[in-house]
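Q: Model the full structure from these sequences, guided by the hints.
Given next are the chains, with one letter for each unit.
2 protein chains.
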Amino acid sequence: MQTIEKTEPKLLDLKNRLAEINDIEAAASLLYWDQATYMPPGGAVARGRQLATLQQISHTKFTEAALGDLIEDLSLLELSLPYHSEEASLIRIARRKYKQAVRIPASFMAEFSRHRTDAYEAWTRARPENNFALVRPYLEKTLDLSRQLANFSPDYEHIADPLIDFADYGMKASFLRSLFAQLRDELVPIVEAITSQPAPDDSCLTQFYPEAEQLNFTLKVIDQLGYDFKRGRQDQTHHPFMINFSTGDVRITTRVYQEDLSQALFSSIHEMGHALYEQGINPEFEGTPLSGGTSAGVHESQSRLWENLVGRSLGFWQFFYPQLQAFFPPQLGNVSVDTFYRAINKVKRSLIRTDADEITYNLHVMIRFDLELQMLDGSLAVRDLPEAWRERYRSDFGIIPETDTDGVLQDVHWYSGQIGGMFQCYTLGNLMSAQFFAAALAERGEILAKIKQGEFLTLHNWLKDKIYQHGSKYTAAELIHNVTGAPLHIEPFIRYIRHKYGQLYSL
Amino acid sequence: MQTIEKTEPKLLDLKNRLAEINDIEAAASLLYWDQATYMPPGGAVARGRQLATLQQISHTKFTEAALGDLIEDLSLLELSLPYHSEEASLIRIARRKYKQAVRIPASFMAEFSRHRTDAYEAWTRARPENNFALVRPYLEKTLDLSRQLANFSPDYEHIADPLIDFADYGMKASFLRSLFAQLRDELVPIVEAITSQPAPDDSCLTQFYPEAEQLNFTLKVIDQLGYDFKRGRQDQTHHPFMINFSTGDVRITTRVYQEDLSQALFSSIHEMGHALYEQGINPEFEGTPLSGGTSAGVHESQSRLWENLVGRSLGFWQFFYPQLQAFFPPQLGNVSVDTFYRAINKVKRSLIRTDADEITYNLHVMIRFDLELQMLDGSLAVRDLPEAWRERYRSDFGIIPETDTDGVLQDVHWYSGQIGGMFQCYTLGNLMSAQFFAAALAERGEILAKIKQGEFLTLHNWLKDKIYQHGSKYTAAELIHNVTGAPLHIEPFIRYIRHKYGQLYSL
Numbered sequence: 001m002q003t004i005e006k007t008e009p010k011l012l013d014l015k016n017r018l019a020e021i022n023d024i025e026a027a028a029s030l031l032y033w034d035q036a037t038y039m040p041p042g043g044a045v046a047r048g049r050q051l052a053t054l055q056q057i058s059h060t061k062f063t064e065a066a067l068g069d070l071i072e073d074l075s076l077l078e079l080s081l082p083y084h085s086e087e088a089s090l091i092r093i094a095r096r097k098y099k100q101a102v103r104i105p106a107s108f109m110a111e112f113s114r115h116r117t118d119a120y121e122a123w124t125r126a127r128p129e130n131n132f133a134l135v136r137p138y139l140e141k142t143l144d145l146s147r148q149l150a151n152f153s154p155d156y157e158h159i160a161d162p163l164i165d166f167a168d169y170g171m172k173a174s175f176l177r178s179l180f181a182q183l184r185d186e187l188v189p190i191v192e193a194i195t196s197q198p199a200p201d202d203s204c205l206t207q208f209y210p211e212a213e214q215l216n217f218t219l220k221v222i223d224q225l226g227y228d229f230k231r232g233r234q235d236q237t238h239h240p241f242m243i244n245f246s247t248g249d250v251r252i253t254t255r256v257y258q259e260d261l262s263q264a265l266f267s268s269i270h271e272m273g274h275a276l277y278e279q280g281i282n283p284e285f286e287g288t289p290l291s292g293g294t295s296a297g298v299h300e301s302q303s304r305l306w307e308n309l310v311g312r313s314l315g316f317w318q319f320f321y322p323q324l325q326a327f328f329p330p331q332l333g334n335v336s337v338d339t340f341y342r343a344i345n346k347v348k349r350s351l352i353r354t355d356a357d358e359i360t361y362n363l364h365v366m367i368r369f370d371l372e373l374q375m376l377d378g379s380l381a382v383r384d385l386p387e388a389w390r391e392r393y394r395s396d397f398g399i400i401p402e403t404d405t406d407g408v409l410q411d412v413h414w415y416s417g418q419i420g421g422m423f424q425c426y427t428l429g430n431l432m433s434a435q436f437f438a439a440a441l442a443e444r445g446e447i448l449a450k451i452k453q454g455e456f457l458t459l460h461n462w463l464k465d466k467i468y469q470h471g472s473k474y475t476a477a478e479l480i481h482n483v484t485g486a487p488l489h490i491e492p493f494i495r496y497i498r499h500k501y502g503q504l505y506s507l
Numbered sequence: 001m002q003t004i005e006k007t008e009p010k011l012l013d014l015k016n017r018l019a020e021i022n023d024i025e026a027a028a029s030l031l032y033w034d035q036a037t038y039m040p041p042g043g044a045v046a047r048g049r050q051l052a053t054l055q056q057i058s059h060t061k062f063t064e065a066a067l068g069d070l071i072e073d074l075s076l077l078e079l080s081l082p083y084h085s086e087e088a089s090l091i092r093i094a095r096r097k098y099k100q101a102v103r104i105p106a107s108f109m110a111e112f113s114r115h116r117t118d119a120y121e122a123w124t125r126a127r128p129e130n131n132f133a134l135v136r137p138y139l140e141k142t143l144d145l146s147r148q149l150a151n152f153s154p155d156y157e158h159i160a161d162p163l164i165d166f167a168d169y170g171m172k173a174s175f176l177r178s179l180f181a182q183l184r185d186e187l188v189p190i191v192e193a194i195t196s197q198p199a200p201d202d203s204c205l206t207q208f209y210p211e212a213e214q215l216n217f218t219l220k221v222i223d224q225l226g227y228d229f230k231r232g233r234q235d236q237t238h239h240p241f242m243i244n245f246s247t248g249d250v251r252i253t254t255r256v257y258q259e260d261l262s263q264a265l266f267s268s269i270h271e272m273g274h275a276l277y278e279q280g281i282n283p284e285f286e287g288t289p290l291s292g293g294t295s296a297g298v299h300e301s302q303s304r305l306w307e308n309l310v311g312r313s314l315g316f317w318q319f320f321y322p323q324l325q326a327f328f329p330p331q332l333g334n335v336s337v338d339t340f341y342r343a344i345n346k347v348k349r350s351l352i353r354t355d356a357d358e359i360t361y362n363l364h365v366m367i368r369f370d371l372e373l374q375m376l377d378g379s380l381a382v383r384d385l386p387e388a389w390r391e392r393y394r395s396d397f398g399i400i401p402e403t404d405t406d407g408v409l410q411d412v413h414w415y416s417g418q419i420g421g422m423f424q425c426y427t428l429g430n431l432m433s434a435q436f437f438a439a440a441l442a443e444r445g446e447i448l449a450k451i452k453q454g455e456f457l458t459l460h461n462w463l464k465d466k467i468y469q470h471g472s473k474y475t476a477a478e479l480i481h482n483v484t485g486a487p488l489h490i491e492p493f494i495r496y497i498r499h500k501y502g503q504l505y506s507l
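Chains as they are written, first to last, in UniProt numbering: chain A, 1 to 507; chain B, 1 to 507.
Each hint should be verified, as a subset may be incorrect.
To be verified - In silico lysine to aspartate or glutamate, EDC-like type, Cα no more than 16 Å apart, as pairs:
no.	chain 1	residue 1	chain 2	residue 2
1	A	Lys61	A	Asp13
2	B	Lys99	B	Asp69
3	A	Lys15	A	Glu86
4	A	Lys230	B	Asp34
5	B	Lys230	A	Asp34
6	A	Lys15	A	Glu72
Quick caveat, the hints were computed from the structure, so don't treat them as lab data. Just so you know, these numbers come straight off a predicted model, no measurement behind them.
A: Encoded structure:
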């Protein structure tokens with residue numbers, strides 16, 4: 001790349017501009033991380049302002065006409081290079097993001113940013129109070145702003161498409177509807193078959209597990225799985241997340257419930273999956289739009305792959321369970337690995353998405369996805385949302401939340417972001433994780449045996465080679481095709497579910 | 001202020017521009033805080049780049065011609081308002097800082113910033129190796145850049161003056177030389193008299209004191225002294241410091257030596273003194289150049305006032321010592337408060353500035369101050385600095401460092417900043433602390449009795465009222481005159497030293 005830069009000063013100019021924007025975004029990310037981890041309460045007001053300022057500066061710099069001109073001037077160079085060369089990809093991805101950003105006026109960004117802060121603040125009061133009326137006007141404004149945001153796009157098939165594009169470039173509501181419908185048709189009978197059988201006993205998970213030991217065990221696990229602590233750290237936050245400031249500094253957070261062992265354990269492995277992706281990106285991409293995972297769905301595929309396909313597998317626990325027992329002898333000394341494995345894979349119809357098993361999780365996602373589309377296309381008013389939510393849980397799960405706290409107020413997404421494009425990534429991630437994992441097993445037959453021995457490097461290296469290193473160079477669709485030889489489809493996930501749960505239950 | 005803004009949109013425009021710059025600087029400060037506290041080692045390279053980017057953006061925005069025009073356009077408004085009104089002060093201080101900044105080209109700022117990073121990195125290797133030769137070329141470049149920096153100023157009496165101005169606005173080398181000479185004449189005979197007597201036994205301080213208990217005790221002390229933990233927190237770093245991101249978020253750091261009780265204790269109180277100043281500034285100044293302490297010297301006066309005049313006083317320990325004993329019964333159970341008080345006030349001729357007692361500390365500062373002036377005016381070459389250092393310690397202290405590690409390499413300042421203006425603030429702070437404290441005692445005679453009872457609010461409120469709340473509205477000289485009715489002079493410090501050490505030793 002150095003050589004081309006010498007003959008193409010405009011490429012260097014582009015990279016320098018993008019690196020500056022990247023630095024500002026990294027600083028904004030740190031402001032956010034600190035807010036969630038260590039900031040004293042007195043810092044909140046100024047922090048909101050500081051975040052908005054940096055976001056505005058980065059948006060302004062990214063949408064400068066000079067940057068657009070530079071990208072256009074580099075079109076000839078781009079065409080002269082192989083499509084997937086670093087240089088052509090850099091120019092291509094920068095153009096895509098520039099075109100997306102330049103449509104949105106800075107004043108709108110600032111207004112939406114301020115509104116999100118207000119809406120979030122209202123939600124933090126409304127949720128514990130079970131008070132949907134309190135957030136309703138905020139959510140109505142969010143819907144209005146979300147529609148405006150979508151309408152900055154020149155054309156679309158469904159008004160949700162531009163919003164879905166932000167997170168999962170190239171995906172459309174029509175495709176997702178059809179994909180999710182196929183998936184639902186497969187999953188509903190499985191859930192039916194499982195929940196008609198006696199439920200496994202998962203009481204071993206809900207004993208008292210002291211915080212410090214839980215944290216020590218999660219650190220031990222993610223260290224063994226391959227998380228690089230020289231380029232990361234784990235802290236505690238109210239909601240777990242992964243965040244990065246450079247390829248050399250990719251952090252995760254977790255939360256510990258002393259009465260629920262599975263919370264910290266699986267949220268740590270989940271966030272570590274996101275982090276392995278970011279830690280594995282080619283360091284030469286640093287400061288360019290090629291750094292960072294390529295889409296929300298692909299990112300989620302990596303967190304779910306490690307959390308579920310690895311972390312909830314029997315082989316994984318055949319290796320780790322004796323160590324877990326040694327951490328918690330009174331709690332688990334008399335619990336067999338088989339009982340523990342059934343407990344962490346208990347399937348049940350429940351109200352809360354984040355606590356759901358890996359099968360029903362997708363049904364939770366589909367409800368939210370459908371409601372987003374209905375609100376955006378005008379067929380569902382915000383005032384009717386709580387009732388629509390209850391009705392969907394009744395029809396899809398056969399249970400009805402008694403409160404909005406456990407219903408429409410449970411997820412932060414609509415109250416801190418937009419309506420539209422917020423949920424599809426979770427089920428996309430589940431589907432992709434199975435498709436990627438099947439490809440890995442097909443190419444490296446030894447992976448399952450290695451996991452049983454506590455050797456995760458074979459899998460980690462395969463993922464790094466096939467997925468992580470490429471950052472955003474390939475779109476999700478390109479990546480899935482390159483890695484698995486097929487477009488995204490539901491069969492690998494269904495096969496995985498049938499196989500695993502066929503052994504746990506009679507299907 | 002709101003009313004004036006309505007009729008003067010240019011004032012609002014100025015405030016908005018300054019607030020944006022303030023937000024960028026706060027983000028840069030957080031990047032620095034994180035680097036010193038929690039950042040994993042892999043983040044270092046990108047962090048340096050991110051810091052440089054934010055500094056460059058803030059410098060560019062602060063030196064925009066439009067900002068200068070705005071300040072000039074507001075001159076008439078300024079003249080129409082009382083000199084010390086908030087509005088006039090805001091315009092005045094903004095103009096002063098603008099004029100200072102606009103002289104320095106952004107390219108020079110960037111070059112100096114990069115060089116400082118390199119020089120600091122070399123120093124971290126050179127210091128433990130006792131290898132002055134390694135840093136010599138860096139220090140020579142630092143001297144060259146420091147001279148260039150000074151020469152951006154249109155005129156000066158001594159080339160150090162513009163550099164002193166950055167930290168202690170309005171101070172000049174000629175004034176400081178004369179002030180320090182008077183002080184030296186007073187202190188040298190006192191040190192002579194004290195060190196000719198038997199040294200007190202301070203072995204009680206150098207027992208094993210576990211880290212966790214030390215930290216808990218320091219937290220208890222600074223809480224009682226008035227540090228607001230809702231608007232701050234204490235973390236551990238290699239070098240203690242205070243840093244703030246808003247008036248609602250003013251943090252301190254400390255370091256613990258398990259074999260030296262005084263390290264964490266007094267560094268915590270010291271940094272807390274800085275923090276009380278920042279926490280006490282009028283919150284309406286937030287985001288303007290009126291926020292922040294007015295000079296390095298005045299800032300240091302507040303840290304030293306709490307550390308020394310309060311924290312090393314007998315009354316303070318009459319209150320806190322029983323609590324300290326309860327934290328450390330095996331170590332201090334049989335040590336009397338009198339023995340402890342003598343130990344923490346032991347005066348001795350030593351090599352290390354940061355470990356020095358409150359009398360000899362000033363002699364350490366004067367050596368560095370004089371050497372800075374000599375290097376800047378060309379009478380001392382960098383290659384001769386180690387020898388000049390040894391010669392001054394021989395003549396001023398009667399002892400010679402055996403290594404440069406304990407000599408010219410001991411302080412980070414010249415290796416991470418400029419040469420010139422880096423040290424005078426420490427002795428200015430000592431002098432001012434005594435002058436302010438004497439004024440407090442004159443107005444609130446009950447302060448010493450209150451301290452003995454563990455009541456620090458009377459003193460704290462007086463400082464807030466007289467000093468803290470004003471932020472940078474008054475210059476150091478104006479503030480000292482307003483608060484004490486006299487210009488800065490050495491007598492209060494000399495009286496304090498004579499009185500305190502007259503009771504500890506025969507003088």
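Q: Holds or violated: are the alpha carbons of Lys230(B) and Asp34(A) at most 16 Å from each other?
A: 15 Å, holds
Q: Holds or violated: Lys15(A) and Glu72(A), Cα atoms, limit 16 Å.
A: 14 Å, holds
Q: Is the straight-line distance between the alpha-carbon of Lys230(A) and that of Asp34(B) 16 Å or less?
A: 15 Å, holds
Q: Is the Cα-Cα distance between Lys15(A) and Glu86(A) 16 Å or less?
A: 12 Å, holds
Q: Under the criterion that the straight-line Cα-Cα distance not exceed 16 Å, is the pair Lys99(B), Asp69(B) satisfied?
A: Within the cut-off at roughly 12 Å; holds.
Q: Against the 16 Å threshold, does the CA-CA distance of Lys61(A) and Asp13(A) hold or violate the hint?
A: 13 Å, holds
This entry satisfies every hint, going by the numbered hints stated previously.
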